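S.K.: These protein sequence lines map, in sequence, to chains A, B and C. Taking numbering that gives the first Met the number 0, the leading residue of the first sequence gets 0, the next gets one more, and so forth. Taking numbering that gives the first Met the number 0, the leading residue of the second sequence gets 0, the next gets one more, and so forth. Taking numbering that gives the first Met the number 0, the leading residue of the third sequence gets 0, the next gets one more, and so forth.
Treat the hints with care, since some could be wrong.
The list makes no distinction among identical chains, and a pair is therefore deemed to hold if it is satisfied within one copy or across any two copies.
Subject to a maximum C-alpha distance of 25 Å in a straight line, what follows is the list of computed DMTMM-like cross-link-like pairs (lysine to aspartate or glutamate) [to be verified]:
1. K43 <-> D108
2. K184 <-> E238
3. K103 <-> D193
4. K184 <-> D27
5. K112 <-> E210
6. K112 <-> D228
7. K112 <-> D200
8. K184 <-> D82
9. K43 <-> D200
10. K184 <-> D36
11. K112 <-> D156
12. K103 <-> D182
13. K184 <-> E137
14. K43 <-> D82
15. K112 <-> E160
16. K43 <-> E137
17. K43 <-> D182
Calculated directly from the structure, the hints in this document are not laboratory data. This structure is a prediction, so every number in the text was calculated from the model and none was measured.
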Amino acid sequence: MIALFTDFGLHGPYTGQMKAVLYEMAPDVPVIDLFADAPSGNPKSAAYLLAAYAAWFPLGTVFLSVVDPGVGGARPAIFVEADGRWYVGPGNGLFELVQRRARKTRSWDIAWKPQRLSASFHGRDLFAPVAALLARGERPAGRLRGDGSERRAEWPDELAEVVYVDHYGNAMTGMRAAALPADAKLVVAGRTLDRVRTFTDRPAGTAFWYENSNGLAEIAVNQGRADRDLGLSIGSAVEILTAA
Amino acid sequence: MIALFTDFGLHGPYTGQMKAVLYEMAPDVPVIDLFADAPSGNPKSAAYLLAAYAAWFPLGTVFLSVVDPGVGGARPAIFVEADGRWYVGPGNGLFELVQRRARKTRSWDIAWKPQRLSASFHGRDLFAPVAALLARGERPAGRLRGDGSERRAEWPDELAEVVYVDHYGNAMTGMRAAALPADAKLVVAGRTLDRVRTFTDRPAGTAFWYENSNGLAEIAVNQGRADRDLGLSIGSAVEILTAA
Amino acid sequence: MIALFTDFGLHGPYTGQMKAVLYEMAPDVPVIDLFADAPSGNPKSAAYLLAAYAAWFPLGTVFLSVVDPGVGGARPAIFVEADGRWYVGPGNGLFELVQRRARKTRSWDIAWKPQRLSASFHGRDLFAPVAALLARGERPAGRLRGDGSERRAEWPDELAEVVYVDHYGNAMTGMRAAALPADAKLVVAGRTLDRVRTFTDRPAGTAFWYENSNGLAEIAVNQGRADRDLGLSIGSAVEILTAA
């Protein structure tokens with residue numbers, strides 16, 4: 000399975016052109032749109048989101064991951080193996096949390112060369128073909144990375160910020176709920192939020208946080224929109240409040 | 000064929016994660032995005048939309064249908080057979096019109112249990128696997144329903160409200176055009192609208208109603224947007240005016 | 000491969016219903032969403048966009064193309080062969096640039112008749128079945144066109160206007176970069192823009208133009224939005240400035 004994780008949006012030709020390459024090169028591999036609205040031009044927020052969602056997918060999944068504000072510039076183009084899943088995309092920190100949390104991981108510079116490489120669309124011309132090769136069980140030409148320039152050791156293990164706002168206005172943070180004390184409250188925009196198990200535990204209009212279906216601490220308002228009601232967007236800071 | 004009918008939006012990971020389950024469990028079954036923007040958190044409006052669109056699909060189609068504001072609460076999780084098509088989702092009235100209009104229908108509580116059930120994403124953890132089983136021709140574990148708590152006898156046969164606004168600003172009502180007198184006019188927002196056969200029957204800027212391609216009475220403005228020009232949104236009341 | 004080029008938007012049932020027809024009639028043919036947000040109701044702008052993007056696809060691709068403000072009216076319903084690719088849709092000029100740039104092209108009126116033709120959704124009822132037949136290698140019933148009423152000889156070879164604004168706010172023009180002098184500047188909204196090779200060639204906030212990954216001259220702002228920063232939208236005029 001190939002899962003797409005990009006900031007392309009679903010409109011426009013970008014996702015479609017990548018899929019055309021995938022179908023040409025790996026016609027029998029299903030392609031899944033995971034995120035087309037990953038944090039735009041923001042590999043750091045995207046890295047926490049990708050790590051949380053990738054863990055849910057079966058072993059062998061190839062994540063074609065393009066959040067790449069530096070396309071055409073000096074950032075490396077890489078592929079990564081981490082605990083039996085593959086990742087292809089820019090070496091700008093996007094895979095930092097995936098690699099940090101993996102028991103076993105390696106990364107390669109892409110040495111495979113397309114016939115034609117546009118300056119602005121490496122997703123189509125470089126990353127999609129490499130993802131297709133990996134999904135077919137082949138190993139694209141690559142050089143094992145050693146300099147660690149794709150890593151970001153300075154980023155925290157859990158990011159106390161909003162990293163994504165979904166269709167319902169719910170605000171996902173970059174923190175795994177399991178990493179927080181059971182009685183932790185979250186403080187955002189001057190409001191202190193309790194933890195609940197599910198939306199229907201609180202009256203309509205109440206703000207709270209809960210462990211979302213992929214393990215992230217997520218802020219929501221029952222029958223409301225947390226983004227609008229609390230003024231949240233990607234990058235909004237979150238504070239953790241514990242009893243002790 | 001599995002058709003997706005949800006209020007998830009196309010962005011974000013929700014539809015993609017459901018599709019990943021479907022491809023894993025039923026790899027040979029095509030999956031169609033029918034609506035990802037069904038009326039949000041509004042099973043009543045959604046029920047009229049689903050009934051109109053489902054009737055167009057081939058027998059055997061499985062509708063994975065998630066408009067589920069009560070996820071994680073007390074509403075039942077069900078699957079329904081109606082005139083040779085299958086429906087899986089919450090028992091909150093979403094299938095009321097499908098069942099009411101069917102010559103033959105039965106419904107079951109889902110007894111099949113996933114290995115892990117998140118509190119907030121039954122679409123992925125419960126409804127998608129059940130839809131995949133049905134699409135493979137298997138019968139998931141279930142208990143025939145008897146209490147009728149998934150039904151909504153008090154809802155009208157035709158809903159005189161806007162139930163959906165499309166990309167062009169056209170406003171679909173919950174009424175089938177065939178259920179209206181041939182000379183019926185519709186009154187919305189103080190405007191009385193004639194019936195036309197097609198958009199090009201009226202000058203640019205004119206508001207009218209017509210039978211849309213799935214049989215619903217739909218309000219439109221030629222080369223305009225009915226939602227903006229007439230101030231319509233989901234729930235806007237529609238009055239029927241007949242000559243006699 | 001069937002590529003979809005429409006102004007339907009991705010939301011709502013329209014694309015899904017077309018895909019259901021394609022899967023029923025040509026189950027083994029991959030279907031790619033190329034543009035669902037082609038210039039709305041604007042076959043002229045769409046024609047320049049389609050010609051630029053279609054050229055990238057493999058021979059044999061069928062473009063199911065629906066930008067059709069006159070649906071249900073007098074415009075012809077056609078299919079076109081141009082240099083080994085197929086196009087199906089309304090004969091309203093949408094294929095003018097594809098045909099003009101082709102070494103070899105022919106067009107047919109669709110004579111194939113569906114069992115039921117709705118007045119407002121020829122994409123589903125007429126164009127999708129014809130596209131499926133072509134993708135299966137069959138020739139649908141058709142009459143070779145002779146009157147040229149689907150052509151638009153008065154449209155320029157390169158359209159000096161914005162024809163599309165993408166998810167990032169970049170504004171594509173209807174001009175091929177290869178048709179412009181190497182040192183050409185573009186003037187839009189009172190601003191004179193230099194040509195660059197790639198985004199990272201200029202400081203954040205700078206506006207410029209470049210050859211996009213499909214050969215069109217495209218206006219962008221590094222780490223900004225050209226549409227907002229320069230006030231551009233579909234139809235905005237572009238002036239070409241050359242040194243001498």
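S.K.: Against the earlier hints, flag every one the structure doesn't satisfy and list their numbers going up.
M.R.: 3, 4, 6, 8, 10, 11, 12, 13, 15, 16, 17
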